[in-house]
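Colleague: Take a look at the letters that make up each chain.
There are 2 protein chains.
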Amino acid sequence: MTASPLYLDDLTVGDTALTDTHTIDEQQIVEFATGFDPQPFHLDREAAEGTFFRGLAASGWHTAAVTMRLMVTSGLPLADGIIGAGGEISWPRPTRPGDVMQVRMTVLEVRPSRSKPDQGLVTVEADTFNQDGDVLQHLVTKVLVFRRPTGA
Amino acid sequence: MTASPLYLDDLTVGDTALTDTHTIDEQQIVEFATGFDPQPFHLDREAAEGTFFRGLAASGWHTAAVTMRLMVTSGLPLADGIIGAGGEISWPRPTRPGDVMQVRMTVLEVRPSRSKPDQGLVTVEADTFNQDGDVLQHLVTKVLVFRRPTGA
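So the sequences go chain by chain: A and B. Counting in our numbering, the first sequence tops out at residue 152, every number present. Counting in our numbering, the second sequence tops out at residue 152, every number present.
Hints are supplied without guarantee of correctness; some may be wrong.
When chains are identical, the list treats them as one kind, so a pair holds in a single copy or across two.
To be verified - Simulated crosslink set (DMTMM-like; lysine to aspartate or glutamate; CA at most 25 Å straight-line): (1) K142 with E49; (2) K142 with D20; (3) K142 with E88; (4) K116 with E49; (5) K116 with D25.
Worth flagging that the hints you see were computed from the coordinates, not collected in a lab.
Using the sequences and the accompanying hints, generate a full structural model.
Modeller: Structure below.
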């Protein structure tokens with residue numbers, strides 16, 4: 001991928017980007033959970049053993065948040081930023097302390113707006129996986145992308 | 001709603017819960033964005049003015065994280081916690097500094113597992129809105145819920 005800012009005009013179905021990695025640890029998991037998802041399986045290693053997760057697991061929303069950071073800092077360099085309208089998200093398996101997270105973005109659809117000539121919606125698939133290739137999160141999201149301004 | 005822990009057996013389509021509120025402010029928005037979504041419209045009030053958002057807006061993932069906190073601490077009191085498998089999420093409008101966030105949970109479907117007699121999947125709609133009734137986030141999520149243990 002080029003690092004030049006990308007406009008709608010620059011995107012094609014099948015374009016991909018592979019982000020940098022982020023290593024998650026127990027402290028990050030507990031800190032996020034304390035603020036946003038205070039449940040035993042996200043907060044305490046020992047308490048987590050006796051739960052469905054059989055050990056400490058990151059909140060799914062923490063996995064989503066780290067995924068966003070990786071996409072923003074090293075994913076497709078969209079000119080006006082990554083403006084998500086929503087999407088479908090699933091967590092096939094929990095993110096664990098020590099996981100080295102990385103995201104593969106793939107453009108699934110590029111759809112210019114009919115009513116707003118300066119913008120369009122791009123459907124992006126973003127798979128977050130760990131060092132073993134296990135998929136931690138599957139996200140298909142619609143992102144608002146602007147056309148290259150006239151004269152730019 | 002009762003505060004007693006709820007098992008799959010206790011849930012019925014149409015059950016609702018209204019959470020406590022959470023007031024979000026500029027500091028929280030900037031702090032979350034710094035960690036997870038470092039883009040101008042989430043980081044800096046003045047820089048945000050010139051963007052699509054026309055002012056500081058919370059990251060959608062921040063809205064999702066606060067929603068989760070409200071559901072965990074004051075939503076449907078599921079006996080084994082809120083274990084989400086994923087779902088569909090959308091942000092009809094941005095969360096702004098000063099928004100008083102609240103979540104209305106509604107049970108849309110209760111489906112006992114065919115293969116695992118001790119559990120089932122419950123589809124929950126969770127609408128996050130502000131003090132004006134504006135919907136900030138619409139989430140439909142599938143949650144893993146366990147049956148009441150024999151003898152409990």
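Colleague: Next, verify each hint and record whether it holds.
Modeller: For each hint, the structure was consulted:
no. : hint          : in the structure
1   : K142 with E49 : between (37 Å within a copy, 23 Å between copies)
2   : K142 with D20 : within (22 Å within a copy, 30 Å between copies)
3   : K142 with E88 : both (9 Å within a copy, 12 Å between copies)
4   : K116 with E49 : between (52 Å within a copy, 20 Å between copies)
5   : K116 with D25 : neither (44 Å within a copy, 32 Å between copies)
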